[in-house]
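Participant: So the chains spell out like this:
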Amino acid sequence: MFKELDPILHAQLRLAVVSLLIGVKEAEFTFIKEKTNATAGNLSVQIQKLKEAGYIEVTKQFVNNYPQTTCKITQQGIVAFEKYVAALQQYLNVSESQK
Amino acid sequence: MEQEQDFKPEQSLMVIQSMIKTVQSRYYDNGTLYLLWGWVILLCSVGHYIFLFNNIIAHPERVWLLTIPASAIHFFWMARQSKKKKVTTYADEIIGYAWLSFAACMTLTYILFGTKGEWHLMYSVILMVYGIPTFISGAVMRFKPLLVGGFVCWILSAISHWVEPAQTLLLVGLAVTCAWIIPGYILRYQFNRQHNG
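So the protein lines, in turn, are chains A and B. Quick note on this note's numbering: the first sequence kicks off at 1 and runs consecutively. Quick note on this note's numbering: the second sequence kicks off at 1 and runs consecutively.
Chain A on its own, in the form it takes in the complex (with noise of 0.2 Å):
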C-alpha cells in the first residue's frame, strides 16, 4: 500500500523551498527565489501556502529601510519533509522492481 505524497510538497516550487530551507538555519527571499528561479510572485504564493500548512516560519522585518522577508523550516516541516521523503522512497522502490 502505498503512502499518499503529501499535497503540500507534491509541487515543484514548494517542494524545492523545503529542500532549501532543510539544508540552511534561515534564508531570504531573494536567496531562495535566486536558487529556485521563480518569480516573484509565485514565490510568495508557494511561501505563503507553506507557511498555513506550519512548515515554514516567515519574518519579515525592515533593514536599512528596505523590507526583508526571512524564511525557516519548522520541526513540523522537517516531519512532513522526512515523511515525504520516505514515501518517495517507496514509490521509486516499487518501481524500480516492477522494470
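Just so you know, not all the hints are guaranteed correct.
With a Cα cut of at most 27 Å, we get these calculated BS3-like pairs of lysine-lysine [what the hints assert, rightly or not]:
id, chain 1, residue 1, chain 2, residue 2
1, B, K8, A, K33
2, B, K86, A, K33
3, B, K8, A, K51
4, B, K85, A, K49
5, A, K25, B, K144
6, B, K21, A, K49
7, A, K25, B, K84
8, A, K72, B, K144
9, B, K83, A, K51
10, B, K84, A, K60
11, B, K85, A, K33
12, A, K3, A, K49
13, A, K49, B, K116
14, A, K49, B, K144
15, A, K51, B, K86
16, B, K84, A, K72
17, B, K21, B, K86
Footprint (simulated), chain B over chain A, 3 or more residues, beta carbon under 8 Å [unchecked claim]:
id, segment
18, 21-28
19, 47-57
20, 83-94
No wet-lab data here; the hints were simulated from the structure. Because the structure is a prediction, the values reported are computed rather than measured. In this text, a Cβ means the ideal position worked out from N, Cα and C, and glycines have one as well.
Given chain A, work out where chain B should sit, using these hints.
Facilitator: Below, chain B without anything else, positioned relative to chain A:
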C-alpha cells in the same frame, strides 16, 4: 521554476537533490577574517621577536596592541556582512560558536599566564588554542587547508616545548601563516571563482 500539474515522483527526487546540492556547494566565506587576523598576528609575532633583540622600542610586547584596531575592523566587517547576508547555514552557526569559544579561551589564556609573566607557556597554549577553531572550521566546511592548518598549530605547540622562549614567537608566526593566511587566500580564490563564474 513554475508550478506544474503533472509532477512525477522521479522529478521530486531531482528537485530535492538539486536544491540540497545548491546549498552544499556554496563557499560562503571569502577568507577576509582569516587574512586579517593571519597578517595581524604574523606582524605582531615577528615584530615582537625583532624588537626583543634591538632597542628600537622599550616595550616590544606592545606591538600586540595592533590587535585592538584589528578587533575594531573585525566587528565593523561582521556588522556590515550580517546586513548583506542572505542565508545562514548551520555550518555558519557552528563555526561562529567555535570562534567565540576561541576568543574566550584566548582571554583566559592571557589572564592565567600573561598577567603572571609566563610568556613562554602562554604562547605554547595559544598555539594549541589556535588549532581548535581552525580544525573545527575545516571539518565543518570540509576544507582541507584549514584542517591541515589546525593540525600544524598543534605540532608547533608541541615543538614550542623544546625551543627558546623568544623563538616561540616565530612559531606563532609560522602557525598563523599555515592555519590562516594560506587557507585564507585559497578560500578567497575559491569564493571568487564560484561567484564570478
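Participant: Now look at each hint and say whether the structure bears it out.
Facilitator: Results of checking the hints against the structure:
{"no.": "1", "hint": "B:K8 <-> A:K33", "verdict": "holds (22 Å)"}
{"no.": "2", "hint": "B:K86 <-> A:K33", "verdict": "holds (11 Å)"}
{"no.": "3", "hint": "B:K8 <-> A:K51", "verdict": "holds (24 Å)"}
{"no.": "4", "hint": "B:K85 <-> A:K49", "verdict": "holds (25 Å)"}
{"no.": "5", "hint": "A:K25 <-> B:K144", "verdict": "holds (24 Å)"}
{"no.": "6", "hint": "B:K21 <-> A:K49", "verdict": "holds (24 Å)"}
{"no.": "7", "hint": "A:K25 <-> B:K84", "verdict": "holds (16 Å)"}
{"no.": "8", "hint": "A:K72 <-> B:K144", "verdict": "violated (30 Å)"}
{"no.": "9", "hint": "B:K83 <-> A:K51", "verdict": "holds (24 Å)"}
{"no.": "10", "hint": "B:K84 <-> A:K60", "verdict": "holds (16 Å)"}
{"no.": "11", "hint": "B:K85 <-> A:K33", "verdict": "holds (15 Å)"}
{"no.": "12", "hint": "A:K3 <-> A:K49", "verdict": "holds (22 Å)"}
{"no.": "13", "hint": "A:K49 <-> B:K116", "verdict": "violated (62 Å)"}
{"no.": "14", "hint": "A:K49 <-> B:K144", "verdict": "violated (41 Å)"}
{"no.": "15", "hint": "A:K51 <-> B:K86", "verdict": "holds (19 Å)"}
{"no.": "16", "hint": "B:K84 <-> A:K72", "verdict": "holds (18 Å)"}
{"no.": "17", "hint": "B:K21 <-> B:K86", "verdict": "holds (17 Å)"}
{"no.": "18", "hint": "21-28", "verdict": "holds (count 7)"}
{"no.": "19", "hint": "47-57", "verdict": "violated (count 0)"}
{"no.": "20", "hint": "83-94", "verdict": "holds (count 5)"}
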